[in-house]
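> Chains as they are written, first to last, in the numbering used here: chain R, 1 to 202; chain L, 1 to 643; chain P, 1 to 157; chain Y, 1 to 331.
The hints are simulated quantities; they were obtained by calculation from the structure and are not laboratory data.
Careful: at least some of the hints might be erroneous.
[Stated by the list, open to error] Quick list of in silico lysine-lysine cross-link-like pairs, DSBU-like style, CA-CA up to 35 angstroms:
id, chain 1, residue 1, chain 2, residue 2
1, P, 22, Y, 321
2, R, 87, L, 41
3, Y, 321, P, 105
4, L, 634, R, 87
Owing to the predicted nature of the structure, the values given are computational and were not obtained by experimental measurement.
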Amino acid sequence: MNRPAANVDVAALPDHAFGHHGMIWWGTVSFMVIEGTMFITVLVTYYYLRLRVPFWPPSVADPSLTWGTVNTLILLVSCIPNHLAKKAAEDYDLGRVRLWLVVAMAFGLAFLVVRAFEFASLAVWWDTNAYGSVVWTLMGLHTTHLATDFLDTGVLTVLMFTRHGRELRRFVDISENGLYWYFVVASWIPIYLTVYFAPRWL
Amino acid sequence: MSAAAARDEAERERRALERTWAVPGGFLGWFKVSDHRTIGKRYIVTAFVFFILAGIQAALMRLQLAIPENTVLGPDRYNQLFTVHGMTMMFLFAVPVMEAMGIYLVPLMIGTRNIAFPRLNSYSYYVYLFGGIMLYAALFTNTGPDTGWFSYVPLAGPDFSPGKRVDMFAQLITFTEVAALAVAVELVVTIFKLRAPGMSLNRMPLFVWAMLATAFMVIFAMPAVVSSSTFLLLDRLVGTHFYNPAEGGDALLWQHLFWFFGHPEVYIIFVPALGIVSSIIVTFTQRPAFGYTALVLALIATGFVSFSLWVHHMFATGLPLLGLSFFTAASMIIAIPSGVQIFCWIAALWRGRPRFQTPLLFVVGFIVIFVLGGLSGVTLASVPLDLQVHDTYYVVAHFHYVLIGGAVFPLIGGIYYWFPKMTGRLLNEPLGRWNFWTLFVGFNITFFPMHIVGLQGMPRRVYTYPANMGWTTSNLISTFGALFLVAGGVMLIANVIRSARSGALAGDNPWGADTLEWSTSSPPPVYNFLELPVVEGRHALWERSADPPVVTGVRSDKREVLVTDVMDAEPVHLSDMPIPTIWPFISAVVTAGFFVTSIFTPWALVYWAVPIFVALTGWFWPKQGEEGDTLEDKQAIPAESAA
Amino acid sequence: MIRALIVLLCVTLAASACDREKRPFAQPANTTVEKPDPYRDNAYGISEGKRLFTQYNCSGCHANGGGGIGPALMDDEWRYGYEAADVFATIAGGRPNGMPAFRDKVTEDQMWQLAAYVLSMSGQARLDVLPGRSDHLRSRTAENLTPATDRRQTGHK
Amino acid sequence: MIIRSLTLLVLAVVAIGCSGLQAPLNPAGPSARSIAWLTWTFFTICGVVYAVTLSALIWAVMRRRRDEDDSPRTSRRLGTVVGAATAVTVMTLVVLTISSIVAGRGLTTPSGAGAVVIDAIGHQWWWEFNYQDVAPSDWVNSPNELHLPAGVPVVIRALSRDVIHSFWVPNLQGKRDLIPGILTYLWLQADQPGEYRGQCAEFCGPQHAHMAFRVVVQPVGEFQEWLRQQRQSAASPASAEAQHGQDVFMQSTCRTCHTIRGTEAGSRVGPELTHVGSRRSIAAEALPNDRTSLTTWIRNAQLVKPGSRMPPNPLSETDLKAVVAYIQGLR
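Let the sequences and hints guide you as you build the complete structure.
Here you go:
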């Protein structure tokens, strides 16, 4: 039987799409919004607690800048391999994807190690006072994101070395994973400024 | 080709779809299921089970309060009951059941074959289920939270709430928020990316708009309470000082964070109900929605304004009055969108030819009750007035009017409305009318006197009261009314059980409704639609041409759905829905294990890190039978269509 | 099989949780407790003990368990025994060199609560019943963060 | 149904009007009065709105249908009506908001000078009222009974020693939370001598329900007299039995928590008992202040207020009788 012309034929459409054309992007962005909101609530808590006391940090030393700054640099630089991996994925270049993912992993390892030193340099414990509590929570929350993103990227890297790596969909996953990596880095900037400079400037 | 050939063709297509979208069988299959209809139904049923449990608790409380100085329940048990009642209603019934309606209906309403991220969907269901089980295991082992669903610190803090009762509160929040946030993400993506071609935003059914607004409110409101309850858990478990004034913490911090979530929360419950009301009114007046744009804008406005009201729960804390006045104004403003919607609905009823069947009865009942609740809400927005009635039974009356009247009545109406679609059988109509009148009368007898006793100075959350205060009569009346509510609940359950087995067959579209879910069979087949529809107007089924156009070229040998663009729902690409697997269930189990363990020791994170990682990897690792196009196929695809 | 497992789980849950969460409010007027150490593994009793420890100014001599005029209570040294009954005896009857007798000043029930708390100070109770940090200036690590000492190795010294 | 609700509402108004000692709509002071006035304004306006909306609904549901209902003209008309209704709503809300803010401004500042300052301190589950004075020896501590001079503005300094409570005397003023770590002030004034009831309005644990207090408003002279009398140290035992009672009190668990000025009992754990005999009730309004209640309370308070901080006391019947006699003598 003959259909009216209005029928929509989609047989020729691809089985994946990058960026806001695809579903994965929307999912990733939604989760970024959720986690971003959570970061904001903790940051708001930090400044709210700041207003409750005359001196900041209350009765403890400022955190030392060294390791935090080192880590910030590592994170910023890690955007380069991340960007290249993302780009390689968007033009389906399996070889370069593999290469840059591995490099990104190396950076990931680096900032996880440095993060350990950061905790040591905070000069306060979570149960010393409310300041210590909120600082440790901020750092802990962000470290969780670093760790999960690191492992997530790790799984993807392994995946790209298997036969599944040849599936076009995976390149979308790589691209969106890159987006999430940017988010983790971006969310660190306000936290870095808060944890390390709020005690000095406020 | 000949008609016969075409019929065979269609039949072959149908068989193929049956095979592809088949629900996994067997014992394990039960845990693998990931289609939105099954999960949605499980969500709804579970939520109603919790609703019944919370109802029983309410009945017990009414029993205790029936007469002054009553000793049916001691303070210890009573406080656990009112706390768990509140938590269950908020976290285990109202929010989940509304999202569940979305899970079941949205994909059908927008003409697609499954919800986005179906595995996340089943994961969220199990996390929610385990959370509920944890809370009730706690209640039955005398570990029920006893500091109120708002659990103000320092009462809920380590110094004044020994044991693990409050930790159960904090962790239940984590459970339910994880589940709710997951569903919110699915709904946003489903609504934005899986709409049938032609269903541009301005043609979306009002229910879908409501679910979209709700999903966004969930996304922005719930992180606040996740943070605050985590702080509480940390204070109790590892000695942080977030809420310890002596060490720079602050008791009001909890209230700010909690109510920043807590106020949107009530709109998260209420807005989907508005969607249900609009759908029912459109169908039972058999007229296009009156003031569609106004209604949509009202939903969005409600969503926005609901984030600027939280302080009106804190008028008595002694914050500066100037600030309070702002929140008075904001709380007044939110009455405007609600008003607009009420007016539109009344206009729609005025203009249309309403058929007074049970669903519409519940909607009219909703208007009668909700307007009163809304008006008492307006009185509460006034700082001086609130200072007198805050934390009295007046407030109890108010929020039961807006939550039961504003959300549960439409919900039950919605159950009567969509039950035929979900089961293929109509609920019994006469019994439905009885059900409505019992609930309506019972509700008013129970909750109206609470306004009075509140204005007579009876505070909330008291396990008993003296005889000489003149509160006795009102309380006795309330308890008497509760009997009607119990009866009404029983009627609903009886009706559902009887009709599910022997109700009249519904057919595809028993009410002559306008939205897409009524175009497929009742109950819908595993693939929802034999041919994905193309939408030609705002009221899809009322505005479609004689021989309606459909989407062709979607493969039936794999779980393929059509992804369209956000604004105009133009086809963008095809996407394979993941096949059912056990991993989301396993992930939910380890998540639950982690949450419960972390009530008792901070090392939980260490113990469960590896299991969680394994489970999630197992979840995301590509499965047999869902391979997509590869680099090799790409060479084959012509350039222009690949771009 | 699965049912059996669930039952088992419930029983254990109930067993541990019910001791922990009991709120023994209405005791008989004349509290002579038969069972020694009635507040072992009872979070409410221990936290009441903690409250009384401050209100009855035990800290006056024992600091916050850190010790001062009186001996420290947070360490694992027990001159007069490490059972609740021993501690109870100490509180009730007093000891040489300054520990007064509280027999007539504090009800027996409250002395058991104090004993339970004193033991919990050095982490000698189930982790899930130990009190958390208090809403005061931080004067010590919260009880539930204090590492438990192995009672069998220590004891009389 | 609606009719029933409305009649109930009317009945309610009557009920509220005449019921008494803890009712916002039975004001006995300027603040409570302005709030009550505001309340009635709100109720009237909201009542009218409700009536109009419901009549509209009933009409919409009941009216006979016509053919021109579906004409676009009708829809346009309805649109205008809805628009108008919305406009009216907005104006009503503006009026309500302004009236609320105006009424609110009056609540924060004392109308007259010479305000008496009283500390209201919340404890689980009783109230402590401190009347400070230049000489600490002149301070008066009156648990669970707040005495106020009539017609004089009083400032309440609200604090809490443990969890959040809420100070609420509906007949005089709206409520104010007592929050640990935060000091807040509340102004109130009572016009006429009389007795009112206040109650904790923020959930504060097992005995939240039994955390009330008595407000005694006296003419200024009487109030001063009461203060003077309260400043006295405790009366010494009048009878042999009372004397025995005092001895028991001092040697038993009682003195561990309670203060009786003029004796060696000086602990601040529980309420001060120096003038307990003069108070109308005991246990934060849970029991009347008479022999039997006192006996029950001292023997095992847990039977009256399960979870309260007052422990059951192992006293022999004679000792108990004696203590009660002694306590009652502390006027």
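> A separate judgement is required for each hint: does it hold in the structure or not?
Going through the hints against the structure:
1. For the hint pairing residue 22 of chain P with residue 321 of chain Y, the CA-to-CA distance comes to about 33 angstroms; that is within 35 angstroms, so the pair holds.
2. Taking the CA atoms of residue 87 of chain R and residue 41 of chain L, the gap is near 42 angstroms; set against the 35 angstroms cutoff, the hint is violated.
3. Distance restraint check for residue 321 of chain Y and residue 105 of chain P: the Cα-Cα separation of roughly 19 angstroms lies within the 35 angstroms cut-off, and the hinted pair is therefore satisfied.
4. The straight-line distance between the Cα atoms of residue 634 of chain L and residue 87 of chain R is roughly 18 angstroms, inside the 35 angstroms bound, and the hint therefore holds.
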